[in-house]
Amino acid sequence: MSLNLKEKMQTGLSQNVLNALELCSQAADEYGFKIYLIGGVVRDLLLEKEIFDIDVTVEGNATDFCHKLADKKICKILQVQNDLKTVKACFKNNIEIDFASTRQEFYPRRGHLPVVVRIGCTLEEDIYRRDFTINSLAISLNKKNFGEIIDYVSGIDDLKNKTLKVLHDNSFNEDPTRIIRGLKFAARFNLHRDRHTKELQDNYLKNSLHEDISWARVKQELKQTFSLNNARVYDMFLLNGVYKLIYGEKPEIKGLEIKTLIDKYAPEHTWLIYLGCILKNDKIIENFCFTRQEKKIFSDRDYLLNNSLSIINSNYEIYKFFEKRSMESIIIFYLLTRRKEALIYLEKLSQIKVLIKGDELKEMGITDGLEIGKMLDKILKKKLSGSISNKNDEIEFVKSQTK
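For the sequence shown, my numbering begins at 1086 and goes up steadily by one.
Hints are not guaranteed to be accurate.
[As the list claims (entries may be wrong)] Restricting the straight-line Cα-Cα distance to at most 20 Å, the calculated cross-link-like pairs of lysine to aspartate or glutamate (EDC-like) are: (1) Lys1368 - Asp1320; (2) Lys1247 - Asp1320; (3) Lys1329 - Asp1297; (4) Lys1153 - Glu1190; (5) Lys1269 - Glu1233; (6) Lys1158 - Glu1107; (7) Lys1304 - Glu1284; (8) Lys1433 - Asp1462; (9) Lys1304 - Glu1233; (10) Lys1442 - Glu1408; (11) Lys1409 - Asp1462; (12) Lys1177 - Asp1156; (13) Lys1091 - Asp1129; (14) Lys1344 - Asp1320.
[What the hints assert, rightly or not] Simulated restraints on C-beta separations: (15) Asp1114 - Tyr1350: 51 to 57 Å; (16) Phe1137 - Lys1228: 24 to 30 Å; (17) Asp1279 - Val1165: 36 to 42 Å; (18) Thr1345 - Lys1447: 41 to 47 Å; (19) Lys1153 - Tyr1350: 18 to 24 Å; (20) Asp1478 - Asn1101: 57 to 63 Å.
Calculated from the structure, these hints are not laboratory results.
Predicted model only: the values in this text are computed from it and were never measured.
We put the CB at the ideal spot given by N, CA and C, even for glycine.
All chains should be built: construct the whole structure from the sequences, respecting the hints.
Now the structure itself:
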């Protein structure tokens, strides 16, 4: 007897989503389409997790189906990707659903986007292009068997057994970024790789050269994965040798140490702190095509690592050493070196600011721009040493220097 998730759909999906799916179901029957909920939404319904994205697969051409929905004023089409025949549509109450056509693909180069061979294949053929069995489940939305789950790859059993399993032996060769994605799923749902999947992953990391992979896709997966700020993900990244995929190094740093500092200081680019502890190869850093702001984190890190700290013996020198560097780079520097000066700066010195302004110094008789800069620096030294603490102290200090 087939498992039916109609009740789980009623409790796990909002009424607005259910209303939209019901309209899709009616239209599918009217126009002769087979449509299915697919992938993560099915997995999360089974696990009773919060649903964020609704994905529907159309056995056939999703573009044709969605245009029929739009003609009936059921939805508005927001976006169409013609090569893949995918559509993003908006329904009543701003419910957005992503529609995809069933398709078969092949990978011309590993790690790069696949090339579509055929649009409109069977659901089963579509299923076998996916990454893991837990993400390869479907739910029928047609009236005849509405809510019936379709499981060609034993994904339900793998969910019950908390097992992460690829669909075929060539999975990682086709798309090595699945190795990174697997860490994210393993941590999020507390899964373990089955023995064969582990062997396939280990063999790929051990025997393959990775120069031809798509670094843009690797970057995207790393960003999504490390942005979770999950200590277990980082530890698994090192333990399972995934760092080899990006020619990284294996530091003696625990994920919990990184997470603790991130939670404390709340830097903007969480994911780059994890990556910055691993990635040292300048050539690979260039391959990632980081933004200017992201590149600065790595260049700041390298500056801190490559410049001697032996001269640092005062708060002022510590301040000057770190003041122009990103918070992320300072955290990475501390994790790699354990130099206490980094924490002194983050916890205390970075909060100290000169309150008096240049215009106020002009009113007090210091008009030369160079002299204003020198005076502000003197005030900073005094504040960092603890000799003065507030704006009144700053004013009195300036007066004492200009008598």
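Results for each hint:
1. Restraint check: the Cα-Cα separation between lysine 1368 and aspartate 1320 comes to about 25 Å, which exceeds 20 Å; the hinted pair is violated.
2. The hinted pair formed by lysine 1247 and aspartate 1320 meets the criterion: a straight-line CA distance of about 19 Å does not exceed 20 Å.
3. As the CA atoms of lysine 1329 and aspartate 1297 are separated by approximately 14 Å, the hinted pair is consistent with the 20 Å bound.
4. In summary, the hint linking lysine 1153 to glutamate 1190 is not supported, as the alpha carbons are separated by about 26 Å, beyond the 20 Å threshold.
5. Proposed proximity of lysine 1269 and glutamate 1233 is contradicted: the alpha carbons are some 28 Å apart, above 20 Å.
6. The straight-line distance between the Cα atoms of lysine 1158 and glutamate 1107 is roughly 14 Å, inside the 20 Å bound, and the hint therefore holds.
7. Using a Cα cut-off of 20 Å, the hinted pair lysine 1304 and glutamate 1284 is violated, with the two alpha carbons roughly 24 Å apart.
8. Of the supplied pair hints, the one linking lysine 1433 and aspartate 1462 holds, its CA atoms being roughly 18 Å apart against a limit of 20 Å.
9. For the suggested pair lysine 1304 and glutamate 1233, the alpha carbons sit about 37 Å apart, so the restraint of at most 20 Å is broken.
10. Distance restraint check for lysine 1442 and glutamate 1408: the Cα-Cα separation of roughly 19 Å lies within the 20 Å cut-off, and the hinted pair is therefore satisfied.
11. For a cut-off of 20 Å, the pair hint linking lysine 1409 to aspartate 1462 stands: about 15 Å separates their Cα positions.
12. The hinted pair formed by lysine 1177 and aspartate 1156 meets the criterion: a straight-line CA distance of about 15 Å does not exceed 20 Å.
13. With a C-alpha separation of about 14 Å, the suggested pair lysine 1091 and aspartate 1129 falls inside the 20 Å cut-off, and the hint holds.
14. Note on lysine 1344 and aspartate 1320: the hinted pairing holds, with a Cα-Cα distance of about 11 Å set against a maximum of 20 Å.
15. Range check, aspartate 1114 to tyrosine 1350: about 55 Å between beta-carbon atoms, so the 51 to 57 Å window is met.
16. The supplied range of 24 to 30 Å is met by phenylalanine 1137 and lysine 1228, whose beta-carbon atoms lie about 27 Å from each other.
17. Evaluation of the 36 to 42 Å hint for aspartate 1279 and valine 1165 yields a pass: the beta carbon distance comes to about 38 Å.
18. A C-beta distance of roughly 46 Å is found between threonine 1345 and lysine 1447, which places it inside the suggested range of 41 to 47 Å.
19. Against the hinted window of 18 to 24 Å, the Cβ-Cβ separation of lysine 1153 and tyrosine 1350 comes to about 52 Å, which falls outside the hint.
20. Range check, aspartate 1478 to asparagine 1101: about 60 Å between beta-carbon atoms, so the 57 to 63 Å window is met.
When each numbered hint is compared with the structure, violations occur for hints 1, 4, 5, 7, 9, 19.
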